Every structure is written in structure tokens, then in C-alpha cells.
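> One-letter residues, chain by chain:
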Amino acid sequence: MSRTTLKTAVAAIALLAAAPQVFAEDLVIGLRAGPDSMDPHWSTLGSQADALRHVYDTLIDVDDKLQLQPGLAVSWEAIDDTTWDFKLREGVKFHDGTDFTAEDAKFSIERIPEVTGPMSMTLYTKYVDSVEVVDDYTLRVHTKGIAPALPNDFTRLFVVPSETGMEAGNEEFNSGDKAIGTGPYKLVSWQPKGDMELTRFDGYWGDAPVWENVTRREIPDDAARVAALRSGEVDLINYVPASDYLAIKGDSDMETFVSDSVYILNVQPSVVDEEPQPITIDGEPVDGNPLQDLRVRKALDLAINRDVLVNIVLEGLGTPANQLMPEGFFGYSTELPTREYDIAQAKELLADAGYPDGFEIDFTCTNNRVPGDAVVCEALAQMWSRLGLTVNAQALNGTVFFPAAARKEYTMAMSAWGTLTGEAAYTYGALVHTPDEEKGFGNFNRTMYSNPEFDEVFNKGAQTLGPDARKKLYEEASFIAMEDRALIPTVILQTVWAAEAGTLEFTPRVDQETRAYAITPAE
Amino acid sequence: MFGYLVRRLIQAVAVVFAMSIIVFVGVYAIGNPIDVLIDPGATQEIRAKLIAQYGLDQPLWRQYFTFLTNVAQGDLGTSMVYNIPVVDLVFSRLPATLELVFVSVCIATFVGIPAGLYAGYRPDSAAARAIMALSVLGFSVPTFWIGMLLIMLFAVNLGWLPSGGRGDVASFLGIESSLFSADGWSHVIMPALNLSLFKMGLLIRLTRAGMVEAMQTDYVKFARAQGLPDGQIIRQHVLRNISIPIVTVFGLELGSTLAFAVVTESVFTWPGVGKLIIDSILQLDRPVMVTYLILVVVLFVLINLTVDLIYARLDPRVRLKGGA
Numbered sequence: 001m002s003r004t005t006l007k008t009a010v011a012a013i014a015l016l017a018a019a020p021q022v023f024a025e026d027l028v029i030g031l032r033a034g035p036d037s038m039d040p041h042w043s044t045l046g047s048q049a050d051a052l053r054h055v056y057d058t059l060i061d062v063d064d065k066l067q068l069q070p071g072l073a074v075s076w077e078a079i080d081d082t083t084w085d086f087k088l089r090e091g092v093k094f095h096d097g098t099d100f101t102a103e104d105a106k107f108s109i110e111r112i113p114e115v116t117g118p119m120s121m122t123l124y125t126k127y128v129d130s131v132e133v134v135d136d137y138t139l140r141v142h143t144k145g146i147a148p149a150l151p152n153d154f155t156r157l158f159v160v161p162s163e164t165g166m167e168a169g170n171e172e173f174n175s176g177d178k179a180i181g182t183g184p185y186k187l188v189s190w191q192p193k194g195d196m197e198l199t200r201f202d203g204y205w206g207d208a209p210v211w212e213n214v215t216r217r218e219i220p221d222d223a224a225r226v227a228a229l230r231s232g233e234v235d236l237i238n239y240v241p242a243s244d245y246l247a248i249k250g251d252s253d254m255e256t257f258v259s260d261s262v263y264i265l266n267v268q269p270s271v272v273d274e275e276p277q278p279i280t281i282d283g284e285p286v287d288g289n290p291l292q293d294l295r296v297r298k299a300l301d302l303a304i305n306r307d308v309l310v311n312i313v314l315e316g317l318g319t320p321a322n323q324l325m326p327e328g329f330f331g332y333s334t335e336l337p338t339r340e341y342d343i344a345q346a347k348e349l350l351a352d353a354g355y356p357d358g359f360e361i362d363f364t365c366t367n368n369r370v371p372g373d374a375v376v377c378e379a380l381a382q383m384w385s386r387l388g389l390t391v392n393a394q395a396l397n398g399t400v401f402f403p404a405a406a407r408k409e410y411t412m413a414m415s416a417w418g419t420l421t422g423e424a425a426y427t428y429g430a431l432v433h434t435p436d437e438e439k440g441f442g443n444f445n446r447t448m449y450s451n452p453e454f455d456e457v458f459n460k461g462a463q464t465l466g467p468d469a470r471k472k473l474y475e476e477a478s479f480i481a482m483e484d485r486a487l488i489p490t491v492i493l494q495t496v497w498a499a500e501a502g503t504l505e506f507t508p509r510v511d512q513e514t515r516a517y518a519i520t521p522a523e
Numbered sequence: 001m002f003g004y005l006v007r008r009l010i011q012a013v014a015v016v017f018a019m020s021i022i023v024f025v026g027v028y029a030i031g032n033p034i035d036v037l038i039d040p041g042a043t044q045e046i047r048a049k050l051i052a053q054y055g056l057d058q059p060l061w062r063q064y065f066t067f068l069t070n071v072a073q074g075d076l077g078t079s080m081v082y083n084i085p086v087v088d089l090v091f092s093r094l095p096a097t098l099e100l101v102f103v104s105v106c107i108a109t110f111v112g113i114p115a116g117l118y119a120g121y122r123p124d125s126a127a128a129r130a131i132m133a134l135s136v137l138g139f140s141v142p143t144f145w146i147g148m149l150l151i152m153l154f155a156v157n158l159g160w161l162p163s164g165g166r167g168d169v170a171s172f173l174g175i176e177s178s179l180f181s182a183d184g185w186s187h188v189i190m191p192a193l194n195l196s197l198f199k200m201g202l203l204i205r206l207t208r209a210g211m212v213e214a215m216q217t218d219y220v221k222f223a224r225a226q227g228l229p230d231g232q233i234i235r236q237h238v239l240r241n242i243s244i245p246i247v248t249v250f251g252l253e254l255g256s257t258l259a260f261a262v263v264t265e266s267v268f269t270w271p272g273v274g275k276l277i278i279d280s281i282l283q284l285d286r287p288v289m290v291t292y293l294i295l296v297v298v299l300f301v302l303i304n305l306t307v308d309l310i311y312a313r314l315d316p317r318v319r320l321k322g323g324a
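Residue numbers (my numbering), protein chains in the order written: chain B, 1 to 523; chain W, 1 to 324.
Chain B extracted, bound-state conformation (with noise of 0.2 Å):
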């Protein structure tokens, strides 16, 4: 070996032996799903949040249990019925250099509804009016009527330049020539489906996030995500798949994050008068829906073994529900006991309803929508079995599924269901109000569930701008709701992170978001 052969070996390994320090400035993160556009303004899709949040910043944010927190906006109230002040930071800066100021804020607001997609924006901006700006730092909003959960909207409300201008669109976004904003990392390229690249922004307003280029990497195959991190080509991955779950967790090398999501597995009874699909007795169809009977809904409900759900069918991955959010949401009940099981009691109360022997019924759900959608369906219709029900289950493709639903063909179905925004104005306005356009309620409530009782104190709810009398109301709402079993909530699914042990601190979220920014190395 001459001379200088060695001295570049030396220095190659001196620089091996540096390269973890190196590579500790850099993350590669693992995610089964990615963004649609790098245009913030075009979809309400989780996963564009999950992943323009690293380059734009939201009005309001939230924090891991989905509680509001100052964003760009340090403060917020109301000061009368249909007006919002909101006070902004100040000392914030763009990617370009430019000030953030509320020129920007108002831009983005009315931005929404010119450029939005087929999942659209209009749903957090719904109830805006018209948009003030009252001096640099202060925002003010005016509404349709009273909006006691428009800051609850705003946190989805990515702010970008007014110099942006309303005829930007995906391309150029896309590009990365208009995907600036005040974010803790800028972008340096993204394709569809492809790697998001990131940087750190040296300007950010908040903690420097620890780690220099980031890149978000999507891996939509279960498998392949699992075989990433294994060969070390990413540091963490998401969704861990319930079949990898148990292996990953006794494996000492590894590490995982689990949290409950805000998803919540909800079986959907109709009751209109003619069910859709008919429920039969020895081949006859029942007089009138079986449905509309609250004893066979509870029937229903006490043949689920929730247990069994969570520690069996889904191997732990989630907590039982007794109503449709998790505890701590605004508008969660402490009221509601939680779920028995109790075959006996409901026997007798089938039996009670005119059905001792029990009857046929359709049961139709998701296969791919949410890890653990098709496991829980067929578990449900063996526990209906031991009821002494046929049920015919189905698992769909989401691509079926969600159009059919939409044309309420179902009788018995069940999907999942989110409170992306944190409260019960989200889920109990959209799946258990009695429909009503004008309102803009109950436009996913697909059983015709409707009840005067729940619509009258729900209302009374959406109509208070106290946040304590508001959140009592919405509580009762909740409580009647599901004393009522307008819907059957069965499991709170849980989402699992992974990575190799010791190398990284994370808090997993419940909205599944996968935060660059809050991850840190290991002490």
C-alpha cells in the first residue's frame, strides 16, 4: 500500500467514524401516506396537514391531545355575537424574508374558496363573512351568525403571502416557487408520491427544530414500510401494521410510539321506515325495521365484546368506546357509564322486542380504509351470531363503500369516524343531527337518525359563545345521543409509530400527525 492510498483509507475511516454526527443532523421518515399538492389551500386530506405544517404555519394550532394552541395567532376572543378579534405574533417572518403581517391572514381566508380541491377547503371557512384587517397585528373576522368553533376551523388555516396572488396554482406550488411560508423548514422538492425534501428555515419564530434536512418519504405498502426501517433506510415509520406490531415490540432493537387516534369505529343502524337492504325472518321480510326499536339497538349494543375487540381481534391496538371522541374532547361526556357486555340481558331484550329467535341482516363495512376495519366487521357479526342474528358481513373497498353509503344503501354499516377538530360540534353535528341543509347539520348522518330532544339542545350549543356553557351543552347532546345508540361506538383505534430503540424521543399524537420539528434524538 503506497503512501498516499493510506493516508485516504485513514481519512476515510476518520471520516466513517464522524459520519454518525454527521448523519444525526438528517431525518428520513417513513409515511404510508403523503400530500396531494404542496398548495396548503387545496385539501383537508390528514396527511396534506401532516405534511405542509412543516412549511407553513396555521393560524391556530394544536397540541398532541388536539387542545388549541397560539399559532400564528397569540390570542383570540369574541367581542360580540359574530365578530372575532384575533391578535397575531409579531416579529414573524416568511421563507423570503418578508414580515408576516394580517395583510397575509386575510389573503389566505379568502384565498380558500378560489382554489380549493374536491376535498375541500369552504368547510373551515364556512362560516366567515368577510375578513377585516384592523392593523397589522390584529385580524378581524366577522361571521355568518354565531360561530362558536371558528377558531377550532382556523387551526386547519395555512397562512401564505398575500404576494402569492389568487391565481396561483398547484404548479407553481408544486414547483416550489410559491410554497413559502413561516414554517420551521422550507421546501426544497416534492413530487406526487414521491420524497417531500426538506430544510431547516434559520428565520423560524419558535424552537429551532434539531434536525437540518428532513425527508418524508412515502411508503404506501405495509410491508415495505416495515422493511425500510428494518434496513435502516428510514428512521421512523408510521402505521405500524397490526401484523408486524408484536414483532416489532419484542424485537430489542426496535422501539414503538403508541397512541390512541381519534378514530373511533362506529356501527351505523338505519332507521328509516324501509330498510334498504330488508331484514329478513326465514327468507320473509320483518314488518317494519327492527332498527327503529332503541331495545334491538341495545341489543345490539350489549352483544359486543369490546374486550375481545381490542385484546383479541385487534391485538391491543385500541381502548373500547362509549362514545363517539375520546375522552378529553370538548363536549365528551363523563356521564356515560362505559359499555357492558351482557349476552343475557340482550336476549331477553331482543326478545322483548319481538324477536326471540332473532333475524337476518345485512352488515356492511370498510376493508382498507383504517388498520383494523375489516378484522373488527367480521368479529362483530360472530358476536351478533351468538345474539342469535344471521348477519351477512361485508367488507368493501372504501372506493365502493363510501358512494353507496353516500346513497344510503346500507342498513347496518359500519366506518370509521375522526374528530379531526377536537370537539362535538364535528361529529355529532355531522352524524347525528337530523339532516338539514340550511343548517349545514347531519350531512353524514346516513342511518336518518332524528331525534327533537338531542337537535334542540345541540342547537342550543351551536348558538352559545361561552366556551363552559357551550361545552355543557354539547356534553348533554353526547349523552343523549348515545343513550339513545343514534350510533353504536365500538373501539378507539390506536396508531403506531416505529424506530430503532434508543435512537429517537417521540410524542405520538392523537390527529396521527408525524412532526418532524417535535422529534428529537435520543439523550
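I should point out that these hints are in silico values taken from the structure, not numbers from a laboratory. Check the hints yourself; a few may be wrong.
To be verified - Here are the simulated EDC-like cross-link-like pairs (lysine to aspartate or glutamate), alpha carbons at most 20 Å apart as the crow flies: (1) B/Lys93 to B/Glu163; (2) B/Lys93 to B/Glu25; (3) B/Lys249 to B/Glu505; (4) W/Lys49 to B/Glu505; (5) B/Lys439 to W/Glu45; (6) B/Lys408 to W/Asp279; (7) B/Lys144 to W/Glu45; (8) W/Lys49 to B/Glu437; (9) B/Lys408 to W/Asp39.
As the list claims (entries may be wrong) - Covered by chain W, according to a simulated footprint, are these stretches of chain B (three or more residues, beta-carbon under 8 Å): (10) 62 to 71; (11) 453 to 467.
It should be emphasised that the depicted structure is a prediction, and the values quoted were computed from it without experimental measurement. Here a beta-carbon is modelled for each residue, glycine too, at the ideal position from N, C-alpha and C.
Given the structure of chain B, go ahead and fit chain W onto it with the hints provided.
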């Protein structure tokens, strides 16, 4: 010859036209894409507005008519999910699929045909038996499973190759491809091998069968009697005579590999069109589905045409009807 080409092209247009109707009706029957895409928090008013915005409230025939009018003006539509023209979207992903297919077809051809020739030339040798056993594995074991095994072995356990992705893309003579960089090759080799196994198995068996048959024919016997070396006989006579079935299968396989490399692309996170089409189907992104399927039809028509032309070149007895 020219008349033949014209007729084939007219045929192609008719097939594409029929295909577009089938796809359109099929997607329409599944339901409204808005119901798949829409955010759960959206109100009826927002939903109605969106449906009108995308023209989904129109009757089927009018939606189809609008589509045809746009196509006539060279506009194949805009992806509902990405809001970029479908053509740009598909063509941004096509190079990745093409290079994967190119490498896998090369592996299949340059390993499969010689292996098949050998197995047919010395059918009783141990090596020939091993080749045949492997060829059976090649097309009877599912692709995704072999893919995962390859990843577990070469990426996870040995750490030699990356488990997925396309790697660095370099530019050469204005063409961008990962085949121009070492990193790119390290990424492409495993998925390409995975994708080639099925075709390799087929080629081995076809070549062997042809070879075994040809070796017993009179022309081989006479050639041997003349004292020609076996190598020359195989290259100049046998190979030419057994190529017709090989070319046919090769053409068909090339088409289906290009169109449906989706399993391999998913397992190896290869950013090609296969993954794009599956995602689009799951989201009912109608413009992408229609454009892609039409592209596939065009592709098959072109490949079949090429195969027919190669036939004529290989075997003068095959006459292209309509030629004169």
C-alpha cells in the same frame, strides 16, 4: 404493407374508443368520486357545489361528450386529486416504469433464452434439471412474496441493497434516468430481478421446448451430417426457427409488464405508473383512470403490431394481408 398499417390503425382507434366508453360507464357505476374524496366535515352545500364544479351532476352521456370534446382539443383532463394535467402526471412517472421494465426484460432475455437453449440442448444434464426447477418457481411463486424475500435477504439481513425507492437520477444526452448512476443501479437491480422472474421462467420453458423439438428435425440432422459445428447450427438455423412463439410471448409479456408492474412497484416503492393507477382507482380519480387505461390499450395495439411485423421479417411465409 401500407394498407395493412392503415387498417391496423383504424382498428386501434376503434378499440380505444370502445375502451373509453367501458371505463367511463364502469367508473360511473361505482359512484360519485366526491363521496370518496370529500372531507367528513363538509356540509351538503359544499358537497353540492363540488359536484357541480366537476360536472358530476350531468347525465352520463353529457359527461362523456364533454370528455370527448376535450380530448379532441388535446386535453385529456386534470387529475382531481393532484390538480395537474393527467398527461404530465402519467409522463412524469413513465420513465421510472420504463427503466424498470427495460432492465427486467434484459435480465429475462439474456438469462432466460441461453438457459432455455442449454436446457433443450442437454435435456438430461443436472444443470438442465436445475434450470427447469427454477423456471417453475419463477412463475408459480407470487411476485410479492419473492419480492419480500429478496428485501429481507439483500436489504435487511445483508444490507447490500436499498429496500426501495428509485435512487439518484442522472442525466445523459438529455435523458434523465437512474440507470446512469451507480446508486440508481443499486436501486433498480432488485425490483427488476423480481419483475423478470415470471418472464424468465416462461422464456426458459418456451426456448427449451422449441430447442428439444428442433434438435430432432431433419434440417438439424442434415446440418450435422454436413459437419457444421453445433454452435453454428443453433445460432443460424434453430434459433431462427423457434423464435416465432418466443417473440409472441415476449411481446405480450412486455405489454403486461409495462401496464401491470404494480405489484413489484408497490413492494419496492418504485415511483412508476403502476402505483399511480392503483392510487387513482382507490380514490376514483376518473381522469387518470381513463387516460391510463387508454394508454395501455394504445400500448398493446402498438406492441402487437410490432410483433406482427417481426413475424414477417423472421418467417417469409407469413404474409401481411392487405399488403401488395
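> What are the numbers of the hints that this structure violates, sorted from low to high?
Failing hints, ascending: 2, 4, 6, 10, 11.
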